[in-house]
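Read top to bottom, the protein sequences are chains S, G, E and W.
Residue numbering for the first sequence follows this note's numbering, starting at -6 and increasing by one per position.
Residue numbering for the second sequence follows this note's numbering, starting at 1282 and increasing by one per position.
Residue numbering for the third sequence follows this note's numbering, starting at 30 and increasing by one per position.
Residue numbering for the fourth sequence follows this note's numbering, starting at 1378 and increasing by one per position.
Keep in mind that the hints were calculated from the coordinates and are not lab data.
A few of these clues could be false.
Straight line, CA to CA, 30 angstroms or less: simulated DSSO-like cross-link-like pairs of lysine-lysine [what the hints assert, rightly or not]:
1. S:LYS56 - W:LYS1596
2. E:LYS117 - W:LYS1596
3. G:LYS1446 - G:LYS1300
4. E:LYS117 - W:LYS1522
5. S:LYS(-2) - W:LYS1596
6. W:LYS1606 - W:LYS1689
7. S:LYS61 - G:LYS1445
8. G:LYS1300 - S:LYS56
9. S:LYS61 - W:LYS1522
10. W:LYS1522 - G:LYS1300
11. E:LYS158 - E:LYS170
12. W:LYS1691 - W:LYS1606
13. W:LYS1951 - W:LYS2025
14. G:LYS1445 - G:LYS1300
15. E:LYS263 - E:LYS296
16. E:LYS273 - E:LYS263
17. W:LYS1522 - G:LYS1445
If you're wondering where the values come from, they're calculated on a predicted model, not measured in any experiment.
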Amino acid sequence: MSNRKLISYVTGFVSSVGLTLVAYYVVVDRAFGVGALTYTVAGLAVLQLIVQLIFFLHIGQEKGTHWKLVTFIFAVLVILIVVVGSLWIMHNLDYNMMNMSPDQQKIYMHNNEGI
Amino acid sequence: MSDLIRVVDAEQATRNERKALGFWIYIMTDCVLFATLFATYAVLHGNVFGGPAGKDIFNLPFVLAETLILLTSSFTMGLATIMAAKGNRHQAYTWLAATFILGFSFLMMEISEFGSLIIDGNGPSRSAFLSSFFTLVGTHGLHITVGLLWILVMLWRFYKHGLKKQDLHRLSLLALFWHFLDVIWIFIFTIVYLMGSLS
Amino acid sequence: MTRVRVNRSRNIAIAIFLALVTVAIVALFVFLLAGKPIPVLETHGTIADQERTIIIITALLAAIVVVPVFAMLAIFAWRYRAGNSRAKYQPNMSGHRGLELLWWGIPCLIILVLGIITYVSTHNLDPYKQLPLAKGQTPVKVQVVALQWRWLFIYPGTQTASMNDLTIPVNTPIELSITADAPMNSFWIPALAGQVYAMSGMSTKLNLSADSVGTYNGVSSNISGSGFAAMSFKVHVVNSADYKSWVQQGAHSMSMLTYSDYEDIAKPSNDSTPRIYMLMDDNLFNDIINSYTSASPNQNGSMEMGN
Amino acid sequence: MNNLREIIFGRLTWQAFQHDPIMGGAGVFMVVALLAIMGYVTYKHKWGWLWRNWFTSLDPKKIGAMYLIVAFIMLLRGLADALMMRGQQALASGANGYLSADHFQQVFTAHGSIMIFFVAMGIVFGVINLIVPLQIGARDVAFPKLNSISFWLFAAGMIIINAPLIAGEFSTAGWLAYPPLSELQYSPGVGVDYWIWSLQIAGIGSLISSINFVVTIFKMRAPGMTLMKMPIFVWSVLGSMVLVMFAFPILTATLGMLSLGRLLGMHFFTAGGGGDAMMYVNLIWAWGHPEVYILVLPAFGIFSEVVPVFSKKKLFGYTSMVWAIAIITLLSFTVWLHHFFTMGAGADVNTFFGIMTMIIAIPTGVKVFNWIFTMWRGRVQFTTAMWWFIAFVVSFTLGGVAGVMMSVPPADFQFHNSLFLVAHFHTMIIGGVVFGAFAGFNYWFPKFFGFKLNERIGRWSVFMWVLGFLLAFTPLYILGFMGATRRLDHYDASLGWQGLFIVAAVGVGLILVGIGLQLLQVGVSIWQRKQSLDTSGDPWDGRTLEWSLPNPPAEYNFAVIPTVTERDAFWVAKHNNAQPSTDYEPIVVPENSGLGAVVGSLALVFGLAIVWHIWWLVIVTLVGVILALIISLTRDEMYTVITTDEIKQIEAAREGAAA
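So here's chain S without its partners, still in its complex pose (with noise of 0.2 angstroms):
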């Protein structure tokens, strides 16, 4: 029983180590633009937190209901909603905002068109 856990480790650990290196290596050598770069890094981060919950965290390898894999299917949820809710609201409201002087436009462009 132990050293199938101990593969699961491993395979975890090997897989998270490369995953960071890729993403580390993408954005220092700047392999694409911004934008694309944002989304592979993002992406990258996504398919590491699946491996660890999988490898590390034993997710949905619970006897009886699921309770876990339940409960964080809906923090996820709540997760996104807030999150994506409050930058879609934050967003808005600095855009209406926006008719600022001069000097604030362009530091404005610069923060925001500079992502």
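Assemble chains G, E and W onto chain S, guided by the hints.
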């Protein structure tokens, strides 16, 4: 008397199972707490108020080292749980100590990063970006400190009482907590540092 | 059998008493309202008129659900009271698919209708949307600054600024840019249009147009410190000729308004008497916003830091 | 010298204890009342008894009772604040009322914060602790020690929010303390810090308690009781606790960031420094809206228990009610922007959140229809609990109309922050949560005290409450149309509002009469308890498991955990006249634990210390909490085991008393 022991042991087993679910739900609520801090960072990271932006202050190789250290500590924590489950007290103790050392060095690296920022005058009260950066990464650092304290307690119990059943249960919760902190760090590493250095 | 009759007369007595009490209360409210201004309903602005219609439509739509609820509550409570053994008694009746469909379905339809109204009206009455201009008409731009417990109105392009006195021409689209040099406030003239927040370091917008001459009340509707309750101002809607002469007043007003003068009047004060100033710095509005958003102390020397 | 005093006492000075007569009077009254009670307890040598039987008890019924006692005391304080406000606004036409603007603002901030965080949340957790274990056939909650910690953190929060009556002053920034008003620049005093730390400590208590009850409902239901066979009250509690679980972390983070802004000068929400006050408004309401559903869902659950029992009929549309709770639980996370339509968001954002707000009104409406159709073809007995249900439907539905009216953004532009809005949320909270609590109080009172409450006085208290309630809030709806905003400490005589404010004051007076009648009801019922004794344990011919137990239930609730086959488990068992089985097993009961009281008092001292910047005390209490937790969590859990013959004796004694 024996049936009393049997009843109490059965009771302890069901209570441990409930504790495992309760602790998992606590981790879900902690995820929501971090999600709020991430949302605030995402909204405020542009407000540098004349101070340095992300790419001016982030030292990526340093952060990569931190990330790899924390990932390794997550792996050694996994080994500690396997060895403890097998009853191998010495191996469990060593791997847990290794996890502590890795975790502690991660914390020291983070504190040194914060210290150098504050000394350069870029403390948390310099701008909204720095406030949200320090709070998000600092809250993770606080959780790491709690984790390290917990590891110390477990090391003491292994040293003094060996591998008792209740301590194995506590170790499984500790491992869950440690892996959760590693997952949070992956998102900090990606959103704060990698994306920060892109803008 | 007499006991039953007594019972019935007791119930009738209670019913009459309740009816009398309700009539008395309604009469009391009518008396208290007689002749008093009700700006949200007696509107004088194109925006507020449309908002009032939406309020009435929504109330009626909601009533479609509420009236049957009250009716059924009264009827069922009376008909199926324990004493009435003639009524049908089905203890194990625990659901009825048709009825469920009814009260899931009808509210969904109502909400669908209300949703369409919401979509159309929210886009139509968005405070940021410019109002349609008649031929040759130019919108009057006014800049509003919420101070600690007073309102400063700046008329860019003219040499006029005024305290607690918003004078605007009738039947002309007014474009208000609103900011604050104080805690969060909300700029609200109930008779003319909906409210919009006034916040420091940014500017919100409100487009309105008054359709009849008169004086209306404006208030702040968000708590902003100890003087909040007195933070009301008067809105004078005048015909365009009077407006032209009013706007010239600034040119020969004695009190001048440079940025440093502004800093004095921006200090917390409860003196809400209306005043006219001669506007010296046409960019005053942006300088006020600037004092919050740019780190470098702006040329006017006011460095607004958090603490 | 000054420096040393500051190190020891932080910013606490003698001036902090000087207050104006009203606030000082309230503080002195509170201290005198406290000393009187403590003196009485010392005189009766009851401290040991209190510590053993109540303060360290892990019996959820006792913890629930303590929650309700704290909630009742805070209800009295909240009502006193309400009376002061009604008095001020009735007088302040064209002149300043008897309270200064600053004092008036402290009163409404205290009224809002106390009523939501300590009365409503206190009632919710009190009723849940008392009823949920009994209804799901459990002996205890999942984590008894955490349950005690949760209560004591709640009590510590209550003490901190009342401490400004003694030292310092309270916040003047409203019950949600929007920045920049709540930042250092505009509120340099200790007021906002008191508000933050009282809510933070009580909030962490609520979060822990929600995890406790979700695990209890998931894992500790009686064998055979699947989710769809649970009593509907337990469903509503599950929905409410899931909301607490996922909403309170947002509150914890937001209050933490606000206090970091005040303590360490950070710039999350400050006016300058790049801060964005709108983000605070966004986050506080992302918690705020789920909070109001956290309060109202258990009240819906109470009505779903009361109406079937007093209509002698099954609940109408159980599955539909469960779906309504589930939809409300999920959707309550998607509507929060309707609290700031007027902040300047674009039309698309306002439209989305407006429509989501209307959609959430549908399941609420469905529940009302299902309750009313539970009365259909039933035998409706008009007990006091049933009268509270009628009062609930009347007020809650009217409040619902106002809610739908404000869900359309352009209409909300005219109603936001006006007295129309104030009347709306009072109608929903008083009509929903408070009337639900009163219905629950009358319904479950016999279960815990062994005798019924007086029905006639009860009915009169409902009539007075409803009449007072309508008289108090109809004027506010009308004043909303007249352009009256909330939180006004005085107004112009020319606006003609004084008459309506006087009617509102009369209304609150009638509500006080209603409360007097409730106190009379309890007094008379205690005095005449012999006539209305109930020894059967089932005074109302109940349907759920708590009625299968004697009044009051033993500490371990069920001698033998019942197996459940169908919904309304007790009704089914009663009609098959199944006798409770007597093959007893030893019962494991956790020993009393002082951890809750210790952590609670340390949290209290921590809160007061951080408010007054007494840094050494902050560190000492934090280390104290950590040590207490480590010591208690590493010790092996101690149990007492009730052997089978002890159970036989206890059950026999109860049968004797009941026979």
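Status of each hint after checking the structure:
Between S:LYS56 and W:LYS1596 the alpha-carbon distance is near 13 angstroms, which keeps this suggested pair within the 30 angstroms criterion. Straight-line distance between C-alpha atoms of E:LYS117 and W:LYS1596 comes to about 41 angstroms, which puts the hinted pair past the 30 angstroms bound. The hinted pair formed by G:LYS1446 and G:LYS1300 meets the criterion: a straight-line CA distance of about 14 angstroms does not exceed 30 angstroms. For the given pair, E:LYS117 sits about 51 angstroms from W:LYS1522 by alpha-carbon distance, which is inconsistent with the 30 angstroms threshold.
Only pairs whose Cα atoms come within 30 angstroms are accepted, and S:LYS(-2) paired with W:LYS1596 is accepted, the gap being roughly 27 angstroms. For the suggested pair W:LYS1606 and W:LYS1689, the alpha carbons sit about 19 angstroms apart, so the restraint of at most 30 angstroms is met. For the suggested pair S:LYS61 and G:LYS1445, the alpha carbons sit about 26 angstroms apart, so the restraint of at most 30 angstroms is met. At most 30 angstroms may separate the alpha-carbon atoms for a hinted pair to count; G:LYS1300 and S:LYS56 meet this at roughly 15 angstroms.
This hinted pair checks out: S:LYS61 and W:LYS1522 have alpha carbons roughly 22 angstroms apart, not beyond 30 angstroms. For the hint pairing W:LYS1522 with G:LYS1300, the CA-to-CA distance comes to about 12 angstroms; that is within 30 angstroms, so the pair holds. For the suggested pair E:LYS158 and E:LYS170, the alpha carbons sit about 14 angstroms apart, so the restraint of at most 30 angstroms is met. Distance check on the hinted pair: W:LYS1691 and W:LYS1606 sit about 13 angstroms apart at the alpha-carbon level, within 30 angstroms; holds.
Taking the CA atoms of W:LYS1951 and W:LYS2025, the gap is near 22 angstroms; set against the 30 angstroms cutoff, the hint holds. Simply put, G:LYS1445 and G:LYS1300 have alpha-carbon atoms about 17 angstroms apart, close enough for the 30 angstroms limit, and the pair holds. Between the alpha carbons of E:LYS263 and E:LYS296 the distance comes to roughly 21 angstroms, so the proposed pair stays at or under 30 angstroms and holds. For a cut-off of 30 angstroms, the pair hint linking E:LYS273 to E:LYS263 stands: about 18 angstroms separates their Cα positions.
A threshold of 30 angstroms between alpha carbons decides the hint, and for W:LYS1522 with G:LYS1445 the separation of about 22 angstroms falls inside it, so the pair holds.
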